[in-house]
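Trainee: Here is how the chains run, residue by residue.
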Amino acid sequence: MYVAVKGGEKAIENAHRLLAQDRRGNPGVPELTVVQIKEQMSLAVDRVMTEGSLYDRDLAALAIKQARGDLVEAIFLLRAFRTTLPRFATSNPIDTTAMKARRRISATYKDLPGGQLLGPTFDYTHRLLDFALMAESEAPDVATSPSNDEALPRVTSLLNAEGLIEQENSDDTAPVSDLTREPLDFPANRDLRLQNLARGDEGFVLAMGYSSQRGYGNTHPFAGEIRMGEVEVVIEPEELGFAISIGDITVTECEMINQFKGSATEAPKFTRGYGLSFGEAERKAMAMALVDRSLRARELGEEVQNPAQDEEFVLYHTDNVEASGFVQHLKLPHYVDFQGELEMVRNLRAEQAHVHAQEQMLKAGE
Amino acid sequence: MIHTTHNETASPKGIDAHVAARQRWMGLLARADAKALEKAWAELEDKPAYVVLRTPETGMVMVRARTGGEGQQFNFGEMSVTRCVVRTDTGHQGHAYIAGRNKTHATIAAVLDALLQVPERHEALDADILEPIRYRLNLQDNETADKVAATRVDFFTLVRGDD
Numbered sequence: 001m002y003v004a005v006k007g008g009e010k011a012i013e014n015a016h017r018l019l020a021q022d023r024r025g026n027p028g029v030p031e032l033t034v035v036q037i038k039e040q041m042s043l044a045v046d047r048v049m050t051e052g053s054l055y056d057r058d059l060a061a062l063a064i065k066q067a068r069g070d071l072v073e074a075i076f077l078l079r080a081f082r083t084t085l086p087r088f089a090t091s092n093p094i095d096t097t098a099m100k101a102r103r104r105i106s107a108t109y110k111d112l113p114g115g116q117l118l119g120p121t122f123d124y125t126h127r128l129l130d131f132a133l134m135a136e137s138e139a140p141d142v143a144t145s146p147s148n149d150e151a152l153p154r155v156t157s158l159l160n161a162e163g164l165i166e167q168e169n170s171d172d173t174a175p176v177s178d179l180t181r182e183p184l185d186f187p188a189n190r191d192l193r194l195q196n197l198a199r200g201d202e203g204f205v206l207a208m209g210y211s212s213q214r215g216y217g218n219t220h221p222f223a224g225e226i227r228m229g230e231v232e233v234v235i236e237p238e239e240l241g242f243a244i245s246i247g248d249i250t251v252t253e254c255e256m257i258n259q260f261k262g263s264a265t266e267a268p269k270f271t272r273g274y275g276l277s278f279g280e281a282e283r284k285a286m287a288m289a290l291v292d293r294s295l296r297a298r299e300l301g302e303e304v305q306n307p308a309q310d311e312e313f314v315l316y317h318t319d320n321v322e323a324s325g326f327v328q329h330l331k332l333p334h335y336v337d338f339q340g341e342l343e344m345v346r347n348l349r350a351e352q353a354h355v356h357a358q359e360q361m362l363k364a365g366e
Numbered sequence: 001m002i003h004t005t006h007n008e009t010a011s012p013k014g015i016d017a018h019v020a021a022r023q024r025w026m027g028l029l030a031r032a033d034a035k036a037l038e039k040a041w042a043e044l045e046d047k048p049a050y051v052v053l054r055t056p057e058t059g060m061v062m063v064r065a066r067t068g069g070e071g072q073q074f075n076f077g078e079m080s081v082t083r084c085v086v087r088t089d090t091g092h093q094g095h096a097y098i099a100g101r102n103k104t105h106a107t108i109a110a111v112l113d114a115l116l117q118v119p120e121r122h123e124a125l126d127a128d129i130l131e132p133i134r135y136r137l138n139l140q141d142n143e144t145a146d147k148v149a150a151t152r153v154d155f156f157t158l159v160r161g162d163d
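From first to last, the protein sequence lines stand for chains A and B. Under the numbering used here, the first residue of the first sequence carries the number 1, and numbering increases by one thereafter. Under the numbering used here, the first residue of the second sequence carries the number 1, and numbering increases by one thereafter.
Honestly, the hints are just simulated from the structure, not real lab data. Hints are supplied without guarantee of correctness; some may be wrong.
Straight-line alpha carbon distances no greater than 16 Å define the calculated EDC-like cross-link-like pairs of lysine to aspartate or glutamate that follow [stated by the list, open to error]: (1) A:K100 with B:D154; (2) B:K147 with A:D149; (3) A:K269 with A:E302; (4) A:K100 with A:E302; (5) A:K110 with B:E143; (6) A:K100 with B:D141; (7) A:K100 with A:E150; (8) B:K39 with B:D128; (9) B:K147 with A:D141.
Go ahead and model the full structure; you've got the sequences and the hints to work with.
Mentor: Set out below in structure tokens:
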């Protein structure tokens with residue numbers, strides 16, 4: 001039951017002012033700028049863009065500032081903003097094989113064409129707090145080494161050559177689902193699942209992927225390839241009638257290679273799980289690739305026994321804006337609902353006491 | 001090491017040469033540093049008069065990707081983009097679609113797109129406007145590639161035990 005209640009306007013206004021003051025923190029400390037967040041909290045910016053499902057570094061940085069660093073709140077702000085913008089076009093599919101990679105590694109082949117490029121990674125750091133960062137510092141020098149234009153073929157293409165891995169179906173006549181336009185519908189095809197996972201909460205997708213590794217869904221994954229770098233975005237505006245490049249975006253891509261025992265009609269081979277995120281978001285891309293593969297259970301004829309294979313369970317719970325809204329709505333006034341419940345509990349107790357009393361009387365009369 | 005990926009090399013087949021050239025300069029204008037482009041525009045002589053046919057407007061493009069990088073298409077997520085259409089007094093229409101929300105950038109890019117279609121102006125504009133963009137992009141790409149190349153793993157194998 002919902003009843004409008006007036007009142008509290010002044011308290012709300014003052015609470016928002018207090019929030020603004022707390023956001024600013026100690027006024028003796030210089031205010032954080034949006035540009036600083038964009039430049040120096042760039043992985044937070046990437047997460048907000050990925051789950052906010054809008055690639056715009058400035059807006060994501062602004063959202064982080066406004067949300068006082070609460071990334072889920074910042075994602076909510078970005079999602080809300082995107083509803084105010086018209087959609088001009090749908091891009092041609094980005095070509096991640098042509099990526100200008102700033103990182104490219106494979107856990108399945110040591111020597112692969114183009115080599116293993118570590119790029120700017122936390123891997124192999126000792127995870128010891130670096131107290132030198134407590135002080136201001138200059139940007140450190142970095143080593144350079146002559147680069148070449150060597151192409152970076154996909155690791156899966158090496159397996160493709162031997163026919164040991166499933167081929168991707170690239171039928172471009174198939175309609176492409178869009179969950180920003182139509183509500184989630186089941187059974188969900190892989191395109192819809194990937195769109196959902198791409199904007200899904202990193203923590204949730206990570207936990208689901210982790211559960212699949214720990215035995216709740218057995219997919220035997222290898223990180224076939226992870227790459228991060230810039231890809232160009234191309235659109236074909238109707239009024240022009242030809243394709244134009246509108247700029248570059250940074251993405252992280254992960255291809256998991258998984259075992260497949262085969263079936264009555266198919267020989268054993270490797271199968272694939274795919275993860276893709278805006279910016280540098282490797283953990284998210286890897287987790288997404290694990291969950292993508294788990295969710296392919298149905299189409300690969302595997303038994304659906306575990307949470308990570310259950311598309312309704314996974315896809316209905318990835319969205320942290322929806323999840324946060326539903327959990328947090330519990331703190332909104334439910335006074336009338338609660339009065340009803342209170343009345344009901346009182347009645348039930350009274351009834352029970354009445355029955356009990358009657359039983360006592362009957363016993364006493366025997 | 002200098003590579004020149006932003007130079008105008010590959011020409012898509014089956015598209016007439018004018019369109020191919022226009023695609024390349026529109027891609028360059030979209031990647032221009034907005035501040036540098038504004039400065040170059042301010043310094044440009046013989047700016048044309050123009051009317052705005054479509055006022056600069058910010059919206060989104062839904063970015064598509066493919067499963068496994070090569071398979072079925074899916075909607076990956078959106079990005080902000082700003083577009084603008086102008087007509088110059090030379091009688092040409094200029095279009096711009098630029099990643100991000102910078103309306104000045106989109107307007108200047110649209111006017112330059114129109115102006116670059118004027119044969120008599122093209123060569124000078126290429127030198128004054130496009131070449132600095134190409135130079136900066138190539139430099140950036142090469143610097144990044146050289147830094148990344150220094151993080152390439154060189155494996156060596158330790159042979160242990162009896163031979």
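Trainee: The structure should be examined with respect to each hint, and the outcome stated for every one.
Mentor: Results of checking the hints against the structure:
This hinted pair does not check out: K100 of chain A and D154 of chain B have alpha carbons roughly 20 Å apart, beyond 16 Å. Between the alpha carbons of K147 of chain B and D149 of chain A the distance comes to roughly 14 Å, so the proposed pair stays at or under 16 Å and holds. For the suggested pair K269 of chain A and E302 of chain A, the alpha carbons sit about 14 Å apart, so the restraint of at most 16 Å is met. A threshold of 16 Å between alpha carbons decides the hint, and for K100 of chain A with E302 of chain A the separation of about 37 Å lies outside it, so the pair is violated.
Only pairs whose Cα atoms come within 16 Å are accepted, and K110 of chain A paired with E143 of chain B is rejected, the gap being roughly 26 Å. Between K100 of chain A and D141 of chain B, the direct Cα distance comes to roughly 8 Å. Compliance with the 16 Å bound is thereby established for this hinted pair. As the CA atoms of K100 of chain A and E150 of chain A are separated by approximately 11 Å, the hinted pair is consistent with the 16 Å bound. Of the pairs offered as hints, the one joining K39 of chain B and D128 of chain B holds, with about 11 Å between alpha carbons and a cut-off of 16 Å not exceeded.
About 10 Å separates the Cα atoms of K147 of chain B and D141 of chain A, which keeps this hinted pair within 16 Å; it holds.
In this structure, the earlier hints numbered 1, 4 and 5 are contradicted, and the remaining ones agree with it.
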